[in-house]
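> If you want the building blocks of each chain, they are given just below.
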Amino acid sequence: MMDKFTTLTAVAAPLPLANVDTDKIIPARFLKTIKRTGLGVHLFDTLRYDANGAERPDFVLNRAPYRDAKILVAFENFGCGSSREHAPWALLDFGIRCVIAPDFADIFHNNCFKNGILPIRLPRALCERLMEDAQLGGNARLTVDLERQVVVRPNGEELRFEIDPFRRHLLLNGLDDIGQTMQHAAAIDAYEARQHAERGWMPAITAA
Amino acid sequence: MAEPRTLFDKVWDSHVVERLPDGTCILYIDRHLVHEVTSPQAFEGLRMSGRRVRRPEATLAVVDHNIPTSDRSQGIAEPESRVQVETLERNVAAFGVPYVPVLDARQGIVHIIGPELGASLPGFTIVCGDSHTSTHGALGALAFGIGTSEVEHVLATQTLLQKPAKNMLVRVDGMLGFGCTAKDIVLAIIGAIGTAGGTGHVIEYAGEAIRALDMAGRMTVCNMSIEAGARAGMIAPDDTTFDYVRGRPFAPQGAAFERAVEYWRTLPTDAGARYDRTVTLDAGRIAPMVTWGTSPETVVPVTGTVPDPSAEPDEARRAQMLRMLDYMALAPGQRMQDVAVDVVFIGSCTNGRIEDIRAAATVARGRRVAAGVRAMVVPGSGLVKQQAEREGLDRVLLDAGFEWREAGCSMCLGMNPDKLAPGQRCASTSNRNFEGRQGPGGRTHLLSPAMAAAAAVTGRLADVRELA
Ligand code: SF4
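These protein sequence lines map, in sequence, to chains A and B. Using my numbering, read the first sequence as starting at 526 and increasing by one per residue. Using my numbering, read the second sequence as starting at 14 and increasing by one per residue.
None of these hints come from the bench; they were simulated from the model. Every value quoted in this text rests on a predicted model; they were computed, and no experiment measured them. Please note that a few of the clues may not be correct.
[As the list claims (entries may be wrong)] Short derived list, chain A residues pointing at chain B, Cβ under 8 angstroms: (1) Ile559; (2) Lys560; (3) Arg561; (4) Glu687; (5) Phe691; (6) Thr706; (7) Gln708; (8) Ala712; (9) Ile713; (10) Arg724; (11) Pro728; (12) Ala729; (13) Ile730.
Ideal Cβ placement from N, Cα and C applies to all residues, glycine included.
Using the sequences and the accompanying hints, generate a full structural model.
Have a look at this one:
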């Protein structure tokens, strides 16, 4: 079960870059992990830390209001590169629940939904306005209302976004793909019963 | 009269649990193979959401990717590998999943042991968190690789959310010439259609040359479907398939087996079924193949030469060829047979079966590995290793100067200590010649086991037909 996503009011971190690839989001050397949690400290590792592992004070997520950011605003082609699911895992573990950008790489976009993160596509011009809002820091929170499909700016202006209705349904109800499929448990049970009747020869792996 | 259907259509249709409004299907999965690298986060996800494994008895776990291929009886020294192995062991115990431990004779590469143990069967849907799951399609199964979230999805629900693929037929007519193998067929196919040639499709391999292959050869062909960009590869089950499956430990036995065969005989493509795309090749024209670049489609006959980028009209392709030649340290027009190798790797899920080791031993018998060459043979499973030792093949190979190692993925991906050093050139029976795949800076030439053995004893990319 994932956390529901209905409305989110939070500090948004501005990351005014295009083509942020998954290697930037989480470098390959952190992929030998056995966990999906705990990756938040490595989020944007090379941007966030210097060669000695010390925080770079000028990087946005190292600055006071943005340490608690739950929204990220970026530019084109966010999440391109390797298909690693560690990228959304790292974002989520840091606390990011929503990324707003003009467009996203396909697999990353898909992986966000699988992990309860809402990726919002908005035209570049609107992303630029949100980028300015985000730069105002802690006093200028954004509200993302998934039910009404709007992003509310600090000045009250509402920006409408489009989203696949099925994906929206899953997020609103806190259903991951698994939770969704489990709603069809009766059909799976019925399939198994049918298969057992028709192909009773199918063996089980009893003891390895 | 029902619409004629392909092998893929039939296996797909018989596994659709439910079709959702947007065309996505809930697809039932008969067999789920699990290994140490792509499963930890999936089990963790189950734990966090309080879910269980729906059908442990449809699941089989093994360690293969990052374990060492040296003696393992004293445990695994490398800490990260050890942690992944221990984590899998904890997870299979906690969730009741059948498991083949590292010191079990049946341990091996997941795509070798699935068919070997009879866990992979015709007409099945088979998935694993690894792209070379396509191997199992050789049995007439629909088998494909999945990501970690999907591993968790299958563990929890025994299903996947999928949209159907398109049908592609690759027909290989005629018969292979002397010295040519299944590996040469699949390299020739990838050379012909390119690494994106199968995108969006499931490839069915058919034709006289495919029918004539034994199961090991069919698995080699289906294994590399992924290098042709396909979602999966399949071969219609026939008597060769049934003879292979009969008596394997997890396969149906006795009367149940006969009933299964009756069903499996209904699976081959109906006459008149439509394919979205068809490609034909003539097996008689296929020579022993080798790759020259860093993509599996960059393949030439061993009698050929390194292609000349200046003859390539497309600028982007030309630039890519130049980059590949630079990385591979090869010159345009250079004869492939003059290329000297430092390392020979015989193994992987493409070519780690007993038939592959026999082929290598046949070439190695009575010869010596060339001076300065390191040649290693890594059986695909412990059972393959035992069989080879019963046949005395280990002695043949050891006497010729080859290393004889424990089963695992090994130098196929260099996640364990078996790696190329920067600049080293390797004749490899594996499936990917990407930059750095076998170790940073390493240079890989893909070829068949017999050709790899020929490279070992001559110290260069030799034409195995001249050694016979
Ligand atoms: S042998 Fe190579 S290709 Fe096959 S499963 Fe192992 S790493 Fe993957």
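> Against this structure, judge whether each hint is valid.
These are the hints, each one checked on the structure:
Annotation: A:Ile559 was flagged as interfacial toward chain B, and the flag holds, the nearest CB pair being 4 angstroms apart, inside 8 angstroms. A least Cβ separation of about 6 angstroms between A:Lys560 and chain B falls short of the 8 angstroms threshold, and the interface hint therefore holds. Interface restraint check: A:Arg561 against chain B, minimum CB-CB distance 4 angstroms, threshold 8 angstroms, status holds. At its closest, the beta carbon of A:Glu687 sits 16 angstroms from a beta carbon of chain B; the interface hint therefore is violated under the 8 angstroms criterion.
Satisfaction of the interface hint for A:Phe691 is found here, the shortest Cβ-Cβ separation to chain B being roughly 6 angstroms, below the 8 angstroms cut-off. Because the smallest distance between the Cβ of A:Thr706 and any Cβ of chain B comes to about 5 angstroms, under 8 angstroms, the interface hint for this residue holds. A least Cβ separation of about 10 angstroms between A:Gln708 and chain B goes past the 8 angstroms threshold, and the interface hint is therefore violated. Of the supplied interface hints, the one on A:Ala712 holds, with its beta-carbon coming within about 5 angstroms of a beta-carbon of chain B, less than 8 angstroms.
About 6 angstroms separates the beta-carbon of A:Ile713 from the nearest beta-carbon of chain B, less than 8 angstroms, and the hint is met. For A:Arg724, the interface hint holds, the least distance from its beta-carbon to any beta-carbon of chain B being 6 angstroms, beneath 8 angstroms. Given the 8 angstroms rule on beta carbons, the hint for A:Pro728 holds: about 5 angstroms separates it from the nearest Cβ of chain B. With 8 angstroms as the threshold, the beta carbon of A:Ala729 comes within range of chain B, its nearest partner Cβ sitting at about 4 angstroms, so the hint holds.
Hint on A:Ile730 holds. Least Cβ distance to chain B is approximately 5 angstroms, under the 8 angstroms limit.
Violated hints, in rising order: 4 and 7; the structure is consistent with all others.
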